[in-house]
Every structure is written in C-alpha cells, then in structure tokens.
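Visitor: Chains A and B are the protein sequences, given in the same order.
Numbering of the first sequence is given in my numbering, commencing with residue 1 and proceeding in unit increments.
Numbering of the second sequence is given in my numbering, commencing with residue 116 and proceeding in unit increments.
Simulated from the structure, these hints should not be mistaken for laboratory data.
Treat the hints with caution; some may be incorrect.
[To be verified] In the DMTMM-like style, the derived pairs of lysine to aspartate or glutamate whose C-alpha atoms are separated by at most 25 Å in a straight line are:
#1 A:K20 <-> A:D65
#2 A:K64 <-> B:D196
#3 A:K41 <-> B:D125
#4 A:K41 <-> A:D98
#5 A:K55 <-> B:D125
#6 A:K41 <-> B:D208
#7 B:K169 <-> A:D98
#8 A:K64 <-> A:D27
#9 B:K169 <-> A:E103
#10 A:K41 <-> B:E130
#11 A:K41 <-> B:E120
[As the list claims (entries may be wrong)] Stretch by stretch, here's where chain B covers chain A in the computed footprint (C-beta under 8 Å, at least three residues):
#12 13 to 27
#13 75 to 83
Here a beta-carbon is modelled for each residue, glycine too, at the ideal position from N, C-alpha and C.
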Amino acid sequence: GAVVSQHPSRVICKSGTSVKIECRSLDFQATTMFWYRQFPKQSLMLMATSNEGSKATYEQGVEKDKFLINHASLTLSTLTVTSAHPEDSSFYICSARDGRGTEAFFGQGTRLTVV
Amino acid sequence: GIQVEQSPPDLILQEGANSTLRCNFSDSVNNLQWFHQNPWGQLINLFYIPSGTKQNGRLSATTVATERYSLLYISSSQTTDSGVYFCAVEQIDSWGKLQFGAGTQVVVTP
C-alpha cells in the first residue's frame, strides 16, 4: 500500500507557541490530504481537507486561524497549530489517497502536548 | 451527516477464540474501510471493502451495501490482535472524507 509519513511523532510545547506538523506522501502524489484529530479514548474527527495549490477547507467548528494548513507540493501538507493552548493537546493524524475511489492511508500520527 | 455505529464497544476474548465486529451506517457510501489502531496510535489498514467479501489471513470482512452494514471477522485470535478496530465510511458526494465509528476496543487475553 501507499506510504504516508508524518513528523514529528511526539511534541511538547509551551502555551502560546506554534507547532508545525508535516505529512508526506512518500511513493505517490497527493493532490488532496486530510487532517484528523483524536482525543483520548475517542474516535477520529475530520478537521480539514488540504488541497494542493489552493486553500484548505475546514469542517464546521474548526478554527481556520488556529489550525493553519499549507499544501505547497503534491507530496507535502503541513498543519500549524498557532498560539497553542492546553486544550489543543491531542493526537493529530493525516491521511492521503492516491486516486479517486481508492483507499486512504494514514500517517503515524503526532501526539501534541501543550504545557 | 452520515451516522456510523460500531458494536460491541468492548470485547474481551481468550486467545484462540473467534469474534465478529459490526458496523452499521445510515446512508449510501462510496467506500468503507476497516482499521486497527495499535497502542502507539498508528492506523493499520485492514480492508478496503465498499461491498463484497475479502479475506486476509485470519481476518475477513463482508460489506452488504444495500443493507448498510459491514462485518469484520477475527478467527483464532491472538494477543497481538488487541487494540481498537475502527470502521470508516466515505459518504457519497464527500470524496475522500472519512466518517469514523466510535470503534471496538478488543482485548485478547492469553
């Protein structure tokens, strides 16, 4: 299957700082990537759709100014959590698929802790 | 939006036992996938199965799209099967966006 790589796997940051998470498709080009969030003991919730060369689209209730998404190339999408607060602590995971109607593959996820 | 319900929420199995996990969804879908989330959070693709039946080793899955449900079968369970199993669906006209069920927490005891 396709390989999606996410970095870092774990990050601790101070309140008020920003954190960037990278998501790369290693063996295919992805015009669209997706960012999900998972709180402890809960399911995954879609946050936003990252579109190469255009603005991301955000799900209802997700603050676009807090979660900045950039999809500058066909293999890289980044999620920046700006002015992080403890309530932003969560598991963030990205996905991509290599064509319409094919399965989604997920990165390893990033565990963010804001102190 | 589409509702995805998984049952049971928790399952405790003795090693060697068989089990069935169920996923019901409330509307027609383009795609359906089953995942296993390991203790480190990694989502492992098990099946891409919008319809029909597939088998992979001790695991198999069946999706009956017309009746809006999917089943995941685990046979001869092993301790390494422990973890959370998620069903996720892609609603028609929502290309690429997956709606996840709440998951089934599986614990396999020696």
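Visitor: Hint by hint, note whether the structure agrees.
Guide: Here is how each hint holds up against the structure:
1. About 14 Å separates the Cα atoms of K20 of chain A and D65 of chain A, which keeps this hinted pair within 25 Å; it holds.
2. Using a Cα cut-off of 25 Å, the hinted pair K64 of chain A and D196 of chain B is violated, with the two alpha carbons roughly 38 Å apart.
3. About 12 Å separates the Cα atoms of K41 of chain A and D125 of chain B, which keeps this hinted pair within 25 Å; it holds.
4. Proximity of K41 of chain A to D98 of chain A is assessed by CA-CA distance (about 29 Å); at most 25 Å being required, the pair is judged violated.
5. Between K55 of chain A and D125 of chain B the alpha-carbon distance is near 40 Å, which puts this suggested pair outside the 25 Å criterion.
6. Annotation: proposed proximity of K41 of chain A to D208 of chain B is violated, straight-line Cα distance about 29 Å (limit 25 Å).
7. About 21 Å separates the Cα atoms of K169 of chain B and D98 of chain A, which keeps this hinted pair within 25 Å; it holds.
8. At roughly 29 Å between alpha-carbon atoms, K64 of chain A and D27 of chain A are farther apart than 25 Å, so this suggested pair is violated.
9. A threshold of 25 Å between alpha carbons decides the hint, and for K169 of chain B with E103 of chain A the separation of about 14 Å falls inside it, so the pair holds.
10. At roughly 24 Å between alpha-carbon atoms, K41 of chain A and E130 of chain B fall within 25 Å of each other, so this suggested pair holds.
11. This hinted pair checks out: K41 of chain A and E120 of chain B have alpha carbons roughly 16 Å apart, not beyond 25 Å.
12. Chain B is given as covering the region 13 to 27 of chain A, and this is violated because 0 residues of the stretch bring a CB closer than 8 Å to a CB of that chain, at least three being needed.
13. Counting residues of the region 75 to 83 of chain A whose C-beta sits closer than 8 Å to any C-beta of chain B gives 0, which falls short of three, so the coverage hint is violated.
The earlier numbered hints that this structure contradicts are 2, 4, 5, 6, 8, 12 and 13.
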